[in-house]
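Build the full structure now, drawing on both the sequences and the hints.
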Amino acid sequence: MRHIILLALISLVTLFSALADAQSASNELTGYWYTEDDKSIVQISKAAGKFEGKIIWLEEPRYEKGDKNAGKLKFDRLNPTKK
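Position 27 (the sequence shown) corresponds to 28 in the numbering used here; numbering is contiguous.
Derived from the structure by calculation, the hints contain no laboratory data. In this text, a Cβ means the ideal position worked out from N, Cα and C, and glycines have one as well. Among the hints, a few may not be true.
As the list claims (entries may be wrong) - Below, computed lysine-lysine pairings styled on BS3-like, alpha-carbon distance capped at 27 Å: (1) K51 with K75; (2) K51 with K73; (3) K75 with K40; (4) K51 with K69; (5) K69 with K40; (6) K66 with K40; (7) K73 with K47; (8) K40 with K55; (9) K69 with K55; (10) K55 with K66; (11) K47 with K69; (12) K73 with K55.
To be verified - Okay, the calculated beta carbon distance ranges per label pair: (13) L7 with E60: 57 to 63 Å; (14) P81 with G50: 53 to 59 Å; (15) Y33 with N70: 22 to 28 Å; (16) A48 with K69: 33 to 39 Å; (17) N80 with L8: 48 to 54 Å; (18) L16 with K75: 43 to 49 Å; (19) I5 with W58: 53 to 59 Å; (20) E65 with N28: 34 to 40 Å; (21) E29 with P81: 28 to 34 Å; (22) E37 with E65: 16 to 22 Å; (23) L13 with A48: 27 to 33 Å; (24) G32 with N70: 26 to 32 Å.
Structural data, given as structure tokens:
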């Protein structure tokens, strides 16, 4: 009987340890991250169990000459803001 209780206790400790490690690993994604080319910084946060990203800095925040939006602040042309 002692062996069964000991085995159950060890199993529970192992399970809770694995769950704690998984939770801390997911929180390591949150924070501020440079993009691969270092031309922008993205803030990653977690809300309602989902990760969200927001661009918080751009090296070149305005559209260049020759663009139809030249001089204006850059925005996501492919994913318009939800209204």
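Original post:
Straight-line Cα separation of K73 and K55 no greater than 27 Å?
Top reply: Roughly 19 Å between the alpha carbons, so the hint for K73 and K55 holds.
**OP:** Go ahead and decide if the range 34 to 40 Å is satisfied by the Cβ distance of E65 to N28.
**Re:** Holds: the Cβ-Cβ distance is about 38 Å, inside 34 to 40 Å.
Subject >> Range agreement (Cβ of N70 with Cβ of G32, hint 26 to 32 Å) >> reply: Once the Cβ atoms are compared, 31 Å apart, the range 26 to 32 Å for N70 and G32 holds.
Original post:
Does the structure keep K69 and K40 at a Cα separation of 27 Å or less?
Top reply: With a Cα-Cα distance of about 22 Å, the restraint between K69 and K40 holds, given a limit of 27 Å.
Original post:
Would the pair K75 and K40 pass a check requiring their Cα atoms to be no farther apart than 27 Å?
Top reply: holds (13 Å)
**OP:** Go ahead and decide if the range 53 to 59 Å is satisfied by the Cβ distance of I5 to W58.
**Re:** holds (58 Å)
Original post:
Do the Cβ positions of L13 and A48 conform to the proposed distance bound of 27 to 33 Å?
Top reply: For L13 and A48 the Cβ distance comes to about 31 Å; the hint holds.
Subject >> Outcome of range test on Cβ distance (E29, P81; 28 to 34 Å) >> reply: For E29 and P81 the Cβ distance comes to about 32 Å; the hint holds.
**OP:** Measure nothing beyond the straight line between the CA atoms of K40 and K55; if it is 27 Å or shorter, mark the hint as holding.
**Re:** Holds - the C-alpha atoms of K55 and K40 are around 14 Å apart, at most 27 Å.
Original post:
Within 27 Å, alpha carbon to alpha carbon, are K51 and K75?
Top reply: Holds - the C-alpha atoms of K75 and K51 are around 26 Å apart, at most 27 Å.
Original post:
Do the alpha carbons of K47 and K69 lie within 27 Å of each other, as the hint requires?
Top reply: The given pair, whose Cα atoms are some 35 Å apart, is violated under the 27 Å limit.
**OP:** Return holds or violated for the Cβ distance of E37 and E65 against the range 16 to 22 Å.
**Re:** Holds - the Cβ-Cβ distance for E37 and E65, about 21 Å, lies within 16 to 22 Å.
The structure fails hints 2, 4, 7, 11 and 14 (numbered hints given earlier, in ascending order).
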